[in-house]
Structures are given as C-alpha cells and as structure tokens.
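A.B. asks: For reference, the chains in residue letters:
2 protein chains.
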Amino acid sequence: MDIRTKGFGKRTLVKDALEILLSCTKITGTEKILFERGLGRVLAETIIAPIDVPPFDRAAMDGYAVKAENTFGASQGNPIYFKLIGEVSTGINSKLKINDFEAVKIMTGAALPKGANAVVMFEYTNELEDEVEVFKAVTPGKNVSFKGEDVKKGVVLLRKRGIIRPQDIAMLAAVGRQKIKVYKKPRAAIISTGDELAEPGEKLGAGKIYDANSYALAALVQASGGIAKRIGIIEDSPEKIRSAINIALSSDVILISGATSVGKKDIVPQVVAELGEILVHGVAMRPGEPTGFGIINKKLVFMLPGYPVAAIVAFETFVRPALQKMQGMEIRSPCQQVQARLKRKIASELGRRDFVRVKLERKGKEYLAEPIRTTGSGIISSLVRADGFVTVPENTEGIEKGEKVVVNLFRI
Amino acid sequence: MDIRTKGFGKRTLVKDALEILLSCTKITGTEKILFERGLGRVLAETIIAPIDVPPFDRAAMDGYAVKAENTFGASQGNPIYFKLIGEVSTGINSKLKINDFEAVKIMTGAALPKGANAVVMFEYTNELEDEVEVFKAVTPGKNVSFKGEDVKKGVVLLRKRGIIRPQDIAMLAAVGRQKIKVYKKPRAAIISTGDELAEPGEKLGAGKIYDANSYALAALVQASGGIAKRIGIIEDSPEKIRSAINIALSSDVILISGATSVGKKDIVPQVVAELGEILVHGVAMRPGEPTGFGIINKKLVFMLPGYPVAAIVAFETFVRPALQKMQGMEIRSPCQQVQARLKRKIASELGRRDFVRVKLERKGKEYLAEPIRTTGSGIISSLVRADGFVTVPENTEGIEKGEKVVVNLFRI
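Protein sequence lines, in the order shown, are assigned to chains W and U. Each position in the first sequence, counted from 1, maps to that position plus 166 in the working numbering. Each position in the second sequence, counted from 1, maps to that position plus 166 in the working numbering.
Source of the hints: derived by calculation from the structure; they are not laboratory data. As the structure is a prediction and not an experimental result, all values here were calculated from the model.
Identical chains share a label here; the pair holds if one copy fits it or two copies do between them.
Below 30 Å or equal to it, Euclidean Cα-Cα: the simulated BS3-like pairs (lysine-lysine) are:
#1 Lys509 / Lys531
#2 Lys570 / Lys531
#3 Lys570 / Lys529
#4 Lys345 / Lys395
#5 Lys313 / Lys511
#6 Lys319 / Lys525
#7 Lys509 / Lys318
#8 Lys347 / Lys395
#9 Lys395 / Lys326
#10 Lys511 / Lys531
One chain only, chain W, in its complex shape (with noise of 0.2 Å):
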C-alpha cells in the first residue's frame, strides 16, 4: 500500500498556515490609471490637495453680494437701501469690487466680488431701478462658502491603501486630479485538474463531469478584485500540469484545483515539489482539509481540493486574503455578518476548523439559522440553497442547537 493513499500525516492550523501564506505575499505592484477609472482600486499613494476648493470665495445662494455690516438693522419696516452696480453669473471672471452699500446681483456658484462678505437672498430684497431694498441683517460669512471651506490645498485628501469609493473620486475631480497611483490588480491563472473533466457546452461522454471549479474560481478571483485566465483543464498527467503551470507563471498567481489529496492520482503536489517548495499541505479544516499553498519561481501557487465546495471554502480562506494583500488592501472579511440563533445542533471535531452552511430564516426580531443537510464536499447546491457559513472554531467538538452564531453572509 502506497503511504500517499495514508491521509495527512499532519494538518496544518488555519491560523498558523495563513501566518505562513501572508508572510511571503508580496503587493503586485502599481500603475497609473485616470482617476474615472478608479472605482474599488487601493490607492498606492497619499492624495494631497493640489488647490483650494472651493478655489474661490462663491456664492451658496441666488442673491445680492454686500458687506454684511452695512446690512444690520434692516427690517420688512426699515429696509436699507443699497446701489445696484452690476451682475455675476457663475463661471465669470469679475472685476466689480464692492464698496459700502453697494450691491451685486450674484447666482449659487459664482465668485463673490471684492469687497462684500455676505448674500443676501432674493426673498429678504427688492429690486428697484438701480438699487436694492434689503428688509434682513445678515452676518458676514451668510450665504458664502469660502475659498478652501471644503479643502485646503496642502491637506490629506485620500490616504494610501484605501479603497476608492464614488465620493473620492468626486474629491479627485473636484481638485482636478487626473492621473492617479493604484495597486494592480493581480492575475490570476487557474487551472483545473481531471480526466473526467469536460467544458460546459461539450457533449458529456460516459464517466465525464462538467468541470465548475475553474469558472467559479475565476468569478471569486474577479469578486475579489483581480484578473482571472482560465488556463483551462488538464489532464492528470505530471507532464500536462508541468507544462500548464510553466504557462501559468506568466500571471501573479496560480490557482490548481483537483488531485491535490494524497491518493494515487493526486500529482500536483508532486509536480509543485518539483518545480519549487511546498509551504503548507493539508490544513486542519472542513471541507478544505486536501488545501495546501507553494511557491514556484517566486509565485505562488495555491492547490486547492477537487470537490467544488471545498474549493471555494478553501478559495475564501486562504486566497482572498492572499489577493487583498497583493493589491495592496487591509486583509478583511468581504463578508456581511448577522446573528442568528442555530437551529440545530453542529457536531465538530476538536483541533479543527468547520465552515458550514446555513439558511437564514427570520423568526420574529431575529433569524434562525438552519445546517444545510449534505452528503459532501461535492455537493454545489448545498451553497446555492446556503444564505452563508457559519465557523466552528478549533477548541470546541460542535455548537449546540439554540446557541447564538455569527453567519458570514455570501455577497457577489
């Protein structure tokens, strides 16, 4: 008996190999692209205002620019009466300067004239021939928004390493930055592992399945912010995956999945052996337990288990984090999560990790979350039914039924 049909020798803690994964991630690097571009990228520099915005002093609101001095004690009884010496539209370069009592007629947006300090809005004035009644006080500063209010040129603007969200890139625009430093986006080659193995839209031949891994590994790649290849399926033959991987290395990363386990046909972790150094094989979790990660030609290379369930628990685990931090983001949990009560038991086994799937229903103020029965890690409708997953840590033998859990919600 072959000892690689013997199980893992040793399991590695989720913890301890994803200490062991992050430390040789390296960010893929960075580029330049227009700011429009940059919806959900990581910054790769510290944005600094290049100007004042507002660049100038402006009117909040259609009125009459005055010194707001000149304007206290005006009532509906006792208006003031100022002199109407002209008009600024918005986008206009005005000369007109300001002096006591004196007014200019002014539109929202438009720069304040030299001199005035205040608007006063259309409703509180009337226009006569060439002056103005103004029936209202106004402080100085009323209805202007001055020059640098929103952001002084020099200041922070958006920090390195954050994620761009619609309203920095209306910050970017309203500086008028045009170029900015992202992270890339790493790519990632996946390659799936089969003789059984046949292409959605091919007729299946008797003893074939249709391969799902590759094309649900490379929508979790694009969730996750980077660029998926499909290499494509490979046969399990060492010469066929040597020579895909070689392809692969063109890319940032390469994902593997299938014959990763230790029974007779599971040669990838023979041929990555070969070509480079197994850092982790096998990890103490469940479904995932075949995962393990390497490194060839400074690349890494993740093998994950066959079964399509397990290759997604084990895609969540280890290489989401590994692409967030390549991109240069803060590793964190893409999930949304709720509470909910279980509504029946979990058993577990001590020492390690549990990722099961519930359906969350509502029940009164809170929800319930309900194990989704199945037969394996094959088995892809159990995480269509799922609503998400809840953990079972290592130091515990199961959750019991009525207990509160936290569930990781799925989200696209």
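Model the placement of chain U on the given structure of chain W, informed by the hints.
C.D. replies: What follows is chain U alone, placed relative to chain W:
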C-alpha cells in the same frame, strides 16, 4: 422678482416620490450571455437542471468498489477476501461489472462499476496478487456519490431575478449550461450643467470649478450595475441642454446635475417640462431638496442637485432603486448597516427626511456615530471623511445624543 426664485411651493415626501418613480420605471430588457460572464448579473429566466449531477454513480473515495453486503462481518482479525477483477480511473467509460465477492480498484470521481454499491477505502484493505483483503464492513452507499445526489434532472437550479454569485456560476457549469438570459444593464447618460464647470486636467480659469458630479454619478451608476456614459459639461443654456438631452435619449435613463433649483439659471426643469413631463420636482429631504424627475420619450430623466453631496444623496435615494428595478433586481438598500450610539445631537425639521453623514468610532463593544460638522451640501470632503449616514425620518425634529441609531455604511 421672479416667481422661480421663491423656493419650492410644495415638496413631495421621499416615500411618495419613490412610489411615483417606481410606478413608471420599467425593466430595460433581457439579453443572452455566456454563463461565465454572469457574476453579479440578474437572471431573467428560471434555470432547470438539464441533467443529473453527478451524472452517474461515482466513488467519493479512493478504494475498492464492492457489494457492501459481501463485507458484512469483516474485521481486522477476520478479513474477507475479494477477487480483484480490474481498475476504473476517472473519466473512463468502464464496462466492468461486479459479482459477489469481486472488487474493482477505483479512484475518487470514477464511475462505480455495475453491481457495486459501496467503496472500501484503501486504508481498510490489503491488496494481494489478484485478491483484496477487506478488514472493515461497509454499508450500502458508503463512499459513493449517487447519480443526481447533488441535483436531479428537472429541478429548479436557480430562480429568475436572483443575482448570480460565484457558487451559482459553479452550478451552471456543473450542468453544462453555456448561455443564460439575464436582464440588460441599464445605460445611463450623465450630463453636468454649469457655466462654472471645467474638466479635471484642464487649467482652472477664474470663477471656474472642476466638475465633480458627473464623475461621482458615473461611479455610482457603475456601482449600481449600470453602464455610465458621460455626455460631459453643458453650459446653462436651454438650447445646449435641449440638444444634450436629445443625444442622451439614446441611453435608457438620463441623469442631469445642476440647474435644477428655482433660481434664475435653473433651466433644467424648464427644458424637461418642455420636452416631456415632470413628475416630481422638489423633495422634502436634506440634502437634495431640488431633486426631481420626469419622462421624455418614455425615458426617465433625473434632475439632480448641483451640490455634490446633495447629488450623491439624491442618487442613493432615487436613482439607485430605479436602476435596480430596471435590471430586474429586488429593490433593496445597498448598504450594510450597523447600530451605533449618537455622539452628538442631530437637529432636523418635521416633515423632512434628513441624511446625516457620520463618522464611526469603536468604544468597547459598541460603535459611536459622530455627525460630521459641515457648512453645506457642497462639502465633498464631508462625504470622504464619513463612514456612512444616519437617516432622520420625517416624523421627528431630531435625534438626541446617546440615542441608538442605524448607520448605513458606505461601500463600493
């Protein structure tokens, strides 16, 4: 004094405006795409399984396929002997058939030979010349994944209107489905109006500011699953706005920002009323009061405020739900929510819905939400500093310090 400088005579409640909006928002249409491009798209058909998954009974472990009944009574001290009649690898169409006390060597994923109903794992066996010693009894079905165990031909796999997740892509692949029908992504044309606007990258003339809105709106459209097309900056002239709208009408929906209040230059509502019909103009919300929308040539036209923060809040309140409905989605908040305690009182006005930007900080086990001090809805940096917003409903005059609030977190 022009009547249009007087403010909104009547403001529509957010709830009512949303009801009017959604009653005239229609699904954009459907298209067929490759399943592997489906991540995040909305299914426009219910997918029925065209085949069983797995499509045949297969081994779930490496070992020997046998009739389980023949192993009953086997133990370490009392092995049962099976005649080894062959081997089945994965992907092979084997014609092997098992009789009583015959065994076939089999790999995980390989088709179970006829007559067999269980697999004994290698570790409970010992292979001799043409015999196998079996040391452990197995029950029928042990280590076998039966045909249709994951999915039975004819069952509902994925429901119409569901958003496609990575595991759904795995499911589509597993049944060999190539093309799927999804709702079209709505194309949104974006117009920024204002004589004061300049393009980022241009030199900023006196009295000019950079156009932030059209870029923020484009990012928000993208984040809502739509396709954004910037028409660009248009001067505050009825003719130019009219011809920009005519160009924009080739898209599915039009967003115009600026010139939508009730001042002298607020000509967008005039032009929209002239080309089509205004449904709502002026909403009881803050920021975002000048928001409106109408219909031109059966296309929705949004009139969004010129102030960036107001434009973004108006987008989240009205445009995003409309885009969701246009692409067949359930209408739902895009936000993750957290509970927090208010760090400072928020004042509001009865009859108006307020959206208050807040910054979160952790304090022990709970979050504190600090309302961001700002001088108005032009202050983009207030949104950049914010982690999310708190909604103050119409039926209250504010929220007291220390009260519990729900914070809608920004995400991308």
